[in-house]
Amino acid sequence: MSDGLIIDQLKKTQILELLQEGKRVDGRQFDEPRKLSIDIGVIPKAEGSARARLGDTEVVAGVKIQPERPFPDTGDKGMLICTAEILPIAHPSAETGPPQPPVVELARVTDRGIRESGMLDMKQLVLEKDKSVIGIFCDNAVTDHDGNLFDACSYASTAAINSCKIPKYEMQDEKPVKIEGEFIEPPITTLPVSVTMAKIGDFIVVDPTIEEWGIMDARITITSNSDGNVVALQKGGSDGFTQEELIKCAEISIKVGSKIREIIKESK
Amino acid sequence: MGGRDTDIVLLDENGIRCDGRKVNETRKVTIKAGVLKNANGSAYIEFGDNKILVGVYGPRDVHPKHMSDTDTGILRCRYHMAPFSVGERKNPAPSRREVEISKVIKEALEPAVMLKEFPRTAVDVYMEILQADGGTRCAALTGASVALADAGIPMRDLVAGCAAGKAADAVILDVNNEEDQAGQADLPIGYMPNLKKITLLQLDGVLTPEEYKQCIEIGIDGCNQVYEIQKKALQDKFFSNGEKQ
Numbered sequence: 001m002s003d004g005l006i007i008d009q010l011k012k013t014q015i016l017e018l019l020q021e022g023k024r025v026d027g028r029q030f031d032e033p034r035k036l037s038i039d040i041g042v043i044p045k046a047e048g049s050a051r052a053r054l055g056d057t058e059v060v061a062g063v064k065i066q067p068e069r070p071f072p073d074t075g076d077k078g079m080l081i082c083t084a085e086i087l088p089i090a091h092p093s094a095e096t097g098p099p100q101p102p103v104v105e106l107a108r109v110t111d112r113g114i115r116e117s118g119m120l121d122m123k124q125l126v127l128e129k130d131k132s133v134i135g136i137f138c139d140n141a142v143t144d145h146d147g148n149l150f151d152a153c154s155y156a157s158t159a160a161i162n163s164c165k166i167p168k169y170e171m172q173d174e175k176p177v178k179i180e181g182e183f184i185e186p187p188i189t190t191l192p193v194s195v196t197m198a199k200i201g202d203f204i205v206v207d208p209t210i211e212e213w214g215i216m217d218a219r220i221t222i223t224s225n226s227d228g229n230v231v232a233l234q235k236g237g238s239d240g241f242t243q244e245e246l247i248k249c250a251e252i253s254i255k256v257g258s259k260i261r262e263i264i265k266e267s268k
Numbered sequence: 001m002g003g004r005d006t007d008i009v010l011l012d013e014n015g016i017r018c019d020g021r022k023v024n025e026t027r028k029v030t031i032k033a034g035v036l037k038n039a040n041g042s043a044y045i046e047f048g049d050n051k052i053l054v055g056v057y058g059p060r061d062v063h064p065k066h067m068s069d070t071d072t073g074i075l076r077c078r079y080h081m082a083p084f085s086v087g088e089r090k091n092p093a094p095s096r097r098e099v100e101i102s103k104v105i106k107e108a109l110e111p112a113v114m115l116k117e118f119p120r121t122a123v124d125v126y127m128e129i130l131q132a133d134g135g136t137r138c139a140a141l142t143g144a145s146v147a148l149a150d151a152g153i154p155m156r157d158l159v160a161g162c163a164a165g166k167a168a169d170a171v172i173l174d175v176n177n178e179e180d181q182a183g184q185a186d187l188p189i190g191y192m193p194n195l196k197k198i199t200l201l202q203l204d205g206v207l208t209p210e211e212y213k214q215c216i217e218i219g220i221d222g223c224n225q226v227y228e229i230q231k232k233a234l235q236d237k238f239f240s241n242g243e244k245q
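Order-wise, the sequence lines are chains A and B. The first sequence begins at 1 in our numbering and counts up one residue at a time. The second sequence begins at 1 in our numbering and counts up one residue at a time.
In isolation and in its complexed conformation, chain A is listed as follows (with noise of 0.2 Å):
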């Protein structure tokens, strides 16, 4: 959050001799989440819903669901996008107004995680081709910030929407028309999760707090999907990480993403 205050370097002292100790601030193992609880339908007026905690981080993310007309160049797939926005209630640094950079990155990491795993066949989301499809819009809104946003966007975004219900379109006289009451189940093929570490000094700290997060030297959230393949990345931070630092990432992000997309199947 801050960058450059003293208190930020004594802090990073403190941080860094813990580690050299092989402890966390907070006690945790290195490759160790905090809990993580996600409830669901927490916003009956949304077609789906999940409010994600991970630690004192709260996220809540709301899907929508209404015809569009496709881009040109994806008319035989539905659209999806996802955003995410700190909340000016979310922290004291928070600001109203145009998104700031990392704000930018926040919601597009979010988005790309989801996108790029494939989790939702698009093409089953067709209601006439180059005419109109189905659009998901999921938004994030940050409501308390204690770091790793990045990875609470993913999970209550992934939760929000596998368990959504896509409200029944028919085509009538070339526009779309809702059936109230019928609803289809979401296409989805697999659930990503994203696992963001940071580097602190020569340790890489799995879920940083926002006291890790704001001394780090470096960090990589890396998204996998069910069978274990990655499907996004993002570095991030004013340092770089080594070839076998990347590959052993990727290794954990793959073994702790898997411990997570279980508490996200159990919360639907």
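Only part of the chain A face toward chain B is listed, based on derived beta-carbon distances under 7 Å: (1) N229; (2) L233; (3) K235; (4) G237; (5) Q243.
Listed below are the simulated SDA-like cross-link pairs for lysine to any residue, each with C-alpha atoms no more than 25 Å apart in a straight line: (6) B/K116 to A/E211; (7) A/K255 to B/K213; (8) A/K248 to B/A170; (9) B/K196 to A/E251; (10) B/K103 to B/L130; (11) B/K116 to A/D202; (12) B/K103 to B/H80; (13) A/K129 to B/I8; (14) B/K116 to A/I7; (15) A/K11 to B/E117; (16) B/K213 to A/T242; (17) A/K248 to B/E217; (18) A/K64 to A/A46; (19) B/K65 to A/T96; (20) A/K11 to B/H66; (21) B/K232 to B/Y44; (22) A/K168 to A/G118; (23) B/K90 to A/Q100; (24) A/K12 to B/K103; (25) A/K129 to B/Q181; (26) B/K116 to A/T242; (27) B/K103 to A/G237; (28) A/K178 to A/L80; (29) B/K116 to A/G237; (30) B/K196 to A/Q20; (31) A/K175 to A/V126; (32) A/K131 to B/R89; (33) A/K265 to A/G135; (34) B/K196 to A/Q243; (35) B/K65 to A/V103; (36) A/K248 to B/E210; (37) B/K116 to A/D239; (38) A/K45 to A/I188.
Hints in this document: simulated from the structure, not taken from any laboratory. Virtual Cβ for every residue (Gly too), placed ideally from N, Cα, C.
Given chain A, put chain B in place with the hints provided.
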């Protein structure tokens, strides 16, 4: 990775790609350092059909003042696509994609630039994409580090960029536009060859753990090739009067 349907054969039976390259071959890269008069440092890079101009200003006073840092200089990067750089006209206003790419390139350069030497100042890197053909972020990053070096800013290493990816079920080096549109994965890499550190890494598309390892491996190999061209560009500028290298 839309995995879009296409008529283009991405990889033929002889292992030749749609632009005639082998799987482990980069496009032709040419870099010229010191091409702008006013900028403190600059570079022009052609990475295949990508044409990118980079200008560096600074270290200089920071405006707005509140952005300045008493401990260190700051690096500011702007990746910008010209409206005429792509098939359909691009709106000149910065898109969310450009905001994100600017941020990842900044974070890819920061480990290389010795900003602590210049507290309270800013180094501005402007990357203008004049023509885009897939892999612009890697090309812009490559050009930006040459321009920073050309500006005489102390650096720990150059950052070279090159993407790896997957198309037609094969792991390939330096993904071009067609392969980006119709392929299966794109994994751009920024790499500091001397320090052996990866400073830019993104992925969209599905890779098995084994393919992921291979992509990083050949991507680094591609970066090492690009690095040689970066060094050559700087040598050509600074030693072109017959001085010994």
